[in-house]
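Q: Protein chains in written order, with my numbering: chain U, 4 to 163; chain P, 4 to 163; chain S, 4 to 163; chain E, 4 to 163; chain D, 4 to 163; chain L, 4 to 163.
Incorrect hints may appear among the rest.
Since the list gives no way to pick out one identical chain from another, each pair is judged satisfied if it fits inside one copy or across any two copies.
As the list claims (entries may be wrong) - Here are the simulated SDA-like pairs of lysine to any residue, each with C-alpha atoms no more than 20 angstroms apart in a straight line:
#, residue 1, residue 2
1, K150, P134
2, K69, N84
3, K31, D6
4, K69, V18
5, K23, E147
6, K12, T46
7, K12, K150
8, K150, G5
9, K150, P24
10, K69, A81
11, K23, S105
12, K155, S131
13, K92, Q44
14, K12, F88
15, K132, D42
16, K12, K49
17, K12, N84
18, K150, S21
19, K132, V16
20, K23, A81
21, K14, G40
22, K92, T157
Just so you know, these hints were derived from the structure itself, not from any lab. This one's a predicted model, so the numbers in the text were calculated from it and none came from an experiment.
Number of protein chains: 6
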Amino acid sequence: MGDFTHLAKGKAVMVDVSLKPQTARVAKSAACVDTGGVDLQKTLSKEAQRELATTIRISAICAAKKTSELIPLCHPLALENVECFVQFKNHLIVIECTAKTSGKTGVEMEAMLGAAIAALTAYDMIKSKCPGATIRHIGLKSKEGGKSGVWKNTTKVMSL
Amino acid sequence: MGDFTHLAKGKAVMVDVSLKPQTARVAKSAACVDTGGVDLQKTLSKEAQRELATTIRISAICAAKKTSELIPLCHPLALENVECFVQFKNHLIVIECTAKTSGKTGVEMEAMLGAAIAALTAYDMIKSKCPGATIRHIGLKSKEGGKSGVWKNTTKVMSL
Amino acid sequence: MGDFTHLAKGKAVMVDVSLKPQTARVAKSAACVDTGGVDLQKTLSKEAQRELATTIRISAICAAKKTSELIPLCHPLALENVECFVQFKNHLIVIECTAKTSGKTGVEMEAMLGAAIAALTAYDMIKSKCPGATIRHIGLKSKEGGKSGVWKNTTKVMSL
Amino acid sequence: MGDFTHLAKGKAVMVDVSLKPQTARVAKSAACVDTGGVDLQKTLSKEAQRELATTIRISAICAAKKTSELIPLCHPLALENVECFVQFKNHLIVIECTAKTSGKTGVEMEAMLGAAIAALTAYDMIKSKCPGATIRHIGLKSKEGGKSGVWKNTTKVMSL
Amino acid sequence: MGDFTHLAKGKAVMVDVSLKPQTARVAKSAACVDTGGVDLQKTLSKEAQRELATTIRISAICAAKKTSELIPLCHPLALENVECFVQFKNHLIVIECTAKTSGKTGVEMEAMLGAAIAALTAYDMIKSKCPGATIRHIGLKSKEGGKSGVWKNTTKVMSL
Amino acid sequence: MGDFTHLAKGKAVMVDVSLKPQTARVAKSAACVDTGGVDLQKTLSKEAQRELATTIRISAICAAKKTSELIPLCHPLALENVECFVQFKNHLIVIECTAKTSGKTGVEMEAMLGAAIAALTAYDMIKSKCPGATIRHIGLKSKEGGKSGVWKNTTKVMSL
Numbered sequence: 004m005g006d007f008t009h010l011a012k013g014k015a016v017m018v019d020v021s022l023k024p025q026t027a028r029v030a031k032s033a034a035c036v037d038t039g040g041v042d043l044q045k046t047l048s049k050e051a052q053r054e055l056a057t058t059i060r061i062s063a064i065c066a067a068k069k070t071s072e073l074i075p076l077c078h079p080l081a082l083e084n085v086e087c088f089v090q091f092k093n094h095l096i097v098i099e100c101t102a103k104t105s106g107k108t109g110v111e112m113e114a115m116l117g118a119a120i121a122a123l124t125a126y127d128m129i130k131s132k133c134p135g136a137t138i139r140h141i142g143l144k145s146k147e148g149g150k151s152g153v154w155k156n157t158t159k160v161m162s163l
Numbered sequence: 004m005g006d007f008t009h010l011a012k013g014k015a016v017m018v019d020v021s022l023k024p025q026t027a028r029v030a031k032s033a034a035c036v037d038t039g040g041v042d043l044q045k046t047l048s049k050e051a052q053r054e055l056a057t058t059i060r061i062s063a064i065c066a067a068k069k070t071s072e073l074i075p076l077c078h079p080l081a082l083e084n085v086e087c088f089v090q091f092k093n094h095l096i097v098i099e100c101t102a103k104t105s106g107k108t109g110v111e112m113e114a115m116l117g118a119a120i121a122a123l124t125a126y127d128m129i130k131s132k133c134p135g136a137t138i139r140h141i142g143l144k145s146k147e148g149g150k151s152g153v154w155k156n157t158t159k160v161m162s163l
Numbered sequence: 004m005g006d007f008t009h010l011a012k013g014k015a016v017m018v019d020v021s022l023k024p025q026t027a028r029v030a031k032s033a034a035c036v037d038t039g040g041v042d043l044q045k046t047l048s049k050e051a052q053r054e055l056a057t058t059i060r061i062s063a064i065c066a067a068k069k070t071s072e073l074i075p076l077c078h079p080l081a082l083e084n085v086e087c088f089v090q091f092k093n094h095l096i097v098i099e100c101t102a103k104t105s106g107k108t109g110v111e112m113e114a115m116l117g118a119a120i121a122a123l124t125a126y127d128m129i130k131s132k133c134p135g136a137t138i139r140h141i142g143l144k145s146k147e148g149g150k151s152g153v154w155k156n157t158t159k160v161m162s163l
Numbered sequence: 004m005g006d007f008t009h010l011a012k013g014k015a016v017m018v019d020v021s022l023k024p025q026t027a028r029v030a031k032s033a034a035c036v037d038t039g040g041v042d043l044q045k046t047l048s049k050e051a052q053r054e055l056a057t058t059i060r061i062s063a064i065c066a067a068k069k070t071s072e073l074i075p076l077c078h079p080l081a082l083e084n085v086e087c088f089v090q091f092k093n094h095l096i097v098i099e100c101t102a103k104t105s106g107k108t109g110v111e112m113e114a115m116l117g118a119a120i121a122a123l124t125a126y127d128m129i130k131s132k133c134p135g136a137t138i139r140h141i142g143l144k145s146k147e148g149g150k151s152g153v154w155k156n157t158t159k160v161m162s163l
Numbered sequence: 004m005g006d007f008t009h010l011a012k013g014k015a016v017m018v019d020v021s022l023k024p025q026t027a028r029v030a031k032s033a034a035c036v037d038t039g040g041v042d043l044q045k046t047l048s049k050e051a052q053r054e055l056a057t058t059i060r061i062s063a064i065c066a067a068k069k070t071s072e073l074i075p076l077c078h079p080l081a082l083e084n085v086e087c088f089v090q091f092k093n094h095l096i097v098i099e100c101t102a103k104t105s106g107k108t109g110v111e112m113e114a115m116l117g118a119a120i121a122a123l124t125a126y127d128m129i130k131s132k133c134p135g136a137t138i139r140h141i142g143l144k145s146k147e148g149g150k151s152g153v154w155k156n157t158t159k160v161m162s163l
Numbered sequence: 004m005g006d007f008t009h010l011a012k013g014k015a016v017m018v019d020v021s022l023k024p025q026t027a028r029v030a031k032s033a034a035c036v037d038t039g040g041v042d043l044q045k046t047l048s049k050e051a052q053r054e055l056a057t058t059i060r061i062s063a064i065c066a067a068k069k070t071s072e073l074i075p076l077c078h079p080l081a082l083e084n085v086e087c088f089v090q091f092k093n094h095l096i097v098i099e100c101t102a103k104t105s106g107k108t109g110v111e112m113e114a115m116l117g118a119a120i121a122a123l124t125a126y127d128m129i130k131s132k133c134p135g136a137t138i139r140h141i142g143l144k145s146k147e148g149g150k151s152g153v154w155k156n157t158t159k160v161m162s163l
């Protein structure tokens with residue numbers, strides 16, 4: 004288990020990555036929106052479902068590119084790919100987001116922000132019909148690259 | 004229960020608010036980060052706890068101001084206040100965010116994005132120590148203003 | 004015919020709108036991308052056509068909200084609606100964009116930037132297949148509101 | 004002739020460039036604004052012409068740096084140079100824009116967005132005097148670098 | 004003399020302006036760059052001086068519009084005008100910036116940020132020739148509007 | 004002493020860095036805010052002082068990442084670290100900012116903008132109590148990397 008590298012000596016700091024090697028990095032995240040009982044596959048036309056899913060995916064890609072603007076201690080990264088998958092399952096909107104870079108630091112936050120904005124965009128677009136909708140979780144599923152190599156999240160919440 | 008105003012005729016659209024009256028609006032959201040077992044009050048110095056909490060709060064305020072840049076169908080709003088509260092409780096980071104405006108449309112998304120970025124900033128700052136940390140929920144607690152008046156979320160997840 | 008209000012006394016200046024009244028404003032623009040011979044309705048699946056059109060429309064809405072960041076002498080405006088329409092006609096992609104606000108200055112540039120970014124997004128998404136694609140025109144079709152009232156563009160290029 | 008790489012399997016996607024080599028890239032674009040009959044060299048003082056041209060050029064440089072924020076499926080790129088040239092010729096404003104990078108993907112969109120925003124800034128600054136002004140074309144003139152090597156646009160519209 | 008309204012109860016907070024009336028606001032700031040001995044009027048051609056001054060002025064206008072993105076506790080404001088003046092005097096670059104709005108809070112920070120970015124842009128553009136150049140001061144000259152009415156800075160540094 | 008590389012042939016231009024080698028770069032800047040007589044260590048609680056200092060530091064880090072958006076002729080840079088130090092000394096707020104990258108061009112402007120926004124954030128947060136507060140200087144202390152190697156500022160103003 005590591006240290007709080009962003010709180011060295013009790014101060015909020017960026018991590019100095021100037022001496023780290025550049026390696027290929029991948030991170031996968033997941034998020035889930037609970038509509039509060041509305042089954043979107045039954046309530047929305049096929050066209051509206053596709054439109055909703057496309058808007059969610061585009062918002063995730065655009066957001067991942069803005070990670071270092073929103074998360075104060077993140078480094079700017081040259082993203083090489085962002086992918087987002089969206090599925091409607093009963094009363095849930097299930098989101099996955101993958102980010103890739105070749106860099107000195109990981110892309111966890113890019114993947115996480117992509118999933119978070121995807122979930123918020125979904126919430127925004129259904130909230131007039133589903134005012135009690137809630138984002139149920141956002142978490143990292145796995146990451147690769149850098150000193151720590153491959154890591155997979157084994158907590159229950161992410162296996163949903 | 005309303006319609007899917009953002010999916011009129013099966014297309015993703017902004018809602019035309021040009022003919023709506025300008026009213027005072029407030030929205031409150033909540034988010035919760037599960038550290039995965041680490042009690043930050045026991046693990047971090049008082050100074051580091053304060054630094055973490057301040058960084059989280061500042062990130063929420065800055066993010067709320069960027070809502071219309073990130074959520075594709077949101078209108079730009081003249082925010083009149085954003086407040087964020089952060090508490091460390093055992094293995095949880097409990098976040099609340101309030102947004103205010105006088106406008107033709109609500110500030111739900113500003114409050115929600117504030118809480119979401121606060122949660123992501125918290126995750127970013129603890130992830131070297133707590134790699135299995137997860138955002139447990141993000142949801143709207145209440146809103147006021149506009150045609151629908153006062154609304155409170157009564158679902159269980161938000162009472163946590 | 005007016006003056007060059009942005010070049011008063013030979014200097015590039017914003018126009019001081021502090022004493023102007025706030026009125027309802029609408030502006031409509033059009034743009035056209037020539038694929039260079041490829042008929043997208045024949046070449047792309049229905050699903051890909053919809054996906055292309057949705058991405059173009061979302062990019063227009065997001066771009067219109069960023070107008071004052073990109074056009075140096077534009078005022079920030081509280082946009083009340085942005086709409087974008089996309090049609091594939093033989094070898095053309097025909098784009099229309101409408102912007103609305105209640106403000107002290109017009110929304111022409113918001114409508115124009117929306118159409119321009121829609122056209123550039125279309126170009127970006129087809130350029131691997133249609134390297135010779137070109138944006139054929141971007142222009143204002145009409146505007147309403149403010150001192151000059153209703154104005155319609157009667158030049159030939161816009162009647163295409 | 005290539006495929007629609009941004010519409011693989013009918014979905015709008017970024018292109019995964021993680022395995023591509025980094026090469027020197029250059030792209031040149033052109034745009035043309037038709038003032039609708041006004042000859043700026045006769046109507047504007049030398050000082051105002053220079054001020055207009057400088058503002059146009061600066062707007063192009065600043066815009067090219069924001070390409071990945073505006074075009075949803077573009078990768079962020081470390082631009083190494085952006086140049087913009089502006090000429091007033093009778094009733095036309097002729098714009099050229101060149102972008103350079105060393106990267107895994109091309110700079111076409113940076114050059115195109117630079118020229119587009121230059122044209123829109125020109126339109127914005129003359130529209131009070133030339134309300135019927137129109138952007139006549141925006142297109143890629145040439146590009147170098149990457150797998151496809153040197154490419155020149157041979158369509159007529161770009162030879163204007 | 005007022006309180007530290009941004010540090011109420013020891014926490015960094017936005018000021019809640021929701022109940023304040025909207026009034027006309029003006030703020031004027033000044034900044035000064037010391038070239039470290041180089042007289043730009045003697046060293047640069049007239050054309051280069053104009054180009055430098057125009058770039059500085061445009062950067063100030065664009066920056067003032069981004070104030071609430073950069074200063075964490077600032078409210079977004081609908082700027083109605085930003086003006087910037089630049090003069091070369093011996094080894095000094097003298098900058099003034101004026102911002103106007105009709106709002107619930109003042110435009111001091113917009114005027115200050117405009118002047119600061121103007122000074123930094125000047126520094127950037129001369130630093131290859133004048134590596135020891137320094138920004139000598141940035142300060143508010145006066146403000147009008149709101150509860151406190153007209154205020155003028157009477158400290159010596161600003162009379163330079 | 005170098006040339007005005009940003010004003011080649013009398014035009015404001017980016018510097019073409021495409022052929023420069025990538026080297027490790029560091030730049031250190033300093034800024035100083037004069038409160039106009041208020042001793043913050045005596046006037047503010049310890050908690051408020053820390054909160055002020057943290058907000059200032061976070062604003063510097065976030066701003067440095069936005070340098071190429073604000074300074075027209077700056078290249079985008081992959082920042083590898085930004086650090087900001089803040090000290091309250093009698094009636095002064097003393098700020099230092101360090102930026103690091105591995106790139107084809109220097110990080111002076113990132114360090115300078117970090118210090119400038121830190122100073123403006125400080126000014127914003129104390130101005131209700133200290134209306135006559137002024138930024139006293141912003142300057143580069145030293146830089147390393149690139150063709151010119153190590154450089155230290157020896158002018159008096161920076162030794163304050």
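Q: Provide an ascending list of the numbers of those earlier hints which the structure does not satisfy.
A: 3, 7, 21 and 22
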